[in-house]
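Okay, so the sequence shown: first residue is 1 according to UniProt numbering, each after it adds one.
Note that these hints are calculated values from the structure, not bench results.
Any given hint might turn out to be false.
[Claimed, not checked] Distance condition first, Cα-Cα at most 25 angstroms in a straight line; then the derived SDA-like pairs of lysine to any residue:
#1 K31 with L67
#2 K193 with A248
#3 K193 with R182
#4 K31 with D245
#5 K193 with P104
#6 K193 with A253
#7 K193 with R152
#8 K193 with E265
#9 K193 with Q260
#10 K193 with K31
#11 K31 with P104
Keep in mind that this is a model prediction, so the values were computed, not measured.
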Amino acid sequence: MNYRHAFHAGNFADCMKHALLVALLRALAAKPAPFRVLDTHAGIGTYDLAAPEAGRTGEAERGILRLLDIEDGPLADYLDLVRAAGAPARYPGSPALTRALLRPQDHLAACELHPEDHAALRAHFRRDAQVSIHRRDGWEALRALTPFPERRGLVLVDPPFEQEGEFDRMAAGIALVSHRFRAAIQACWYPIKHRAPVRAFHTALQDSGTRDLIAAELWLREPTDPQRLNGCGLLIANPPWHFEDQAAAILPALLDRLGQGEPGEGWAVTRVTGE
1 MNYRHAFHAG NFADCMKHAL LVALLRALAA KPAPFRVLDT HAGIGTYDLA
51 APEAGRTGEA ERGILRLLDI EDGPLADYLD LVRAAGAPAR YPGSPALTRA
101 LLRPQDHLAA CELHPEDHAA LRAHFRRDAQ VSIHRRDGWE ALRALTPFPE
151 RRGLVLVDPP FEQEGEFDRM AAGIALVSHR FRAAIQACWY PIKHRAPVRA
201 FHTALQDSGT RDLIAAELWL REPTDPQRLN GCGLLIANPP WHFEDQAAAI
251 LPALLDRLGQ GEPGEGWAVT RVTGE
């Protein structure tokens, strides 16, 4: 309950996660049938990059503020949405980016447990009939709010990883949703501090029998320091057609701007389990 994303909004991990999220949402919107998005750890919706929290860490300066002049290429769609949401003054979180891409027939369900952040999120989407806000634990929401009535959509899981056992909860949640709602796309963010927890996470997913999983990863330095966010990954279950190719274009474009030439920086799109 202590984590506040306002300190980290627009950092390199947000840029990676949200650029891939936009590609996933575009794929869903390519078909006329309605879809729903469940955002399990939604935050407040949009963030003031001039606020003391963002200024204290300066993470946006090493993240989104290095990208805003890009107008073409694989990052253009994402950055058009970010600029439309008010950047560089403000940065849109995943609920705001998702809402921008909903069609009239689509819906967003956003969960936030922190009381102040929940209040801010509810105020942000006040009187929006296409968005429902829940104050509930995101892990519990995976069982309570799936499958969707629309029978297609995206489950976005983006926990703060401030508690022990988050990798285990994520692996269990992916297996649960895959069993209950096979048609859902799942996008689950995780930190890369050092490799051992990530390898164990992927092995747990393989052992669960869950099929059709890929991992898109970006790291800014060799992931050997367990006290530092050296990179991050997005685990995607049931990825859309050609998404692996899209991710393989987005990640190096991000690294080109966000990397600092440190030893071991890189990116990868790998298949964790087969189709």
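State the violated hints by number, sorted upward, taking the hints as numbered earlier in the document.
1, 3, 5, 7, 10
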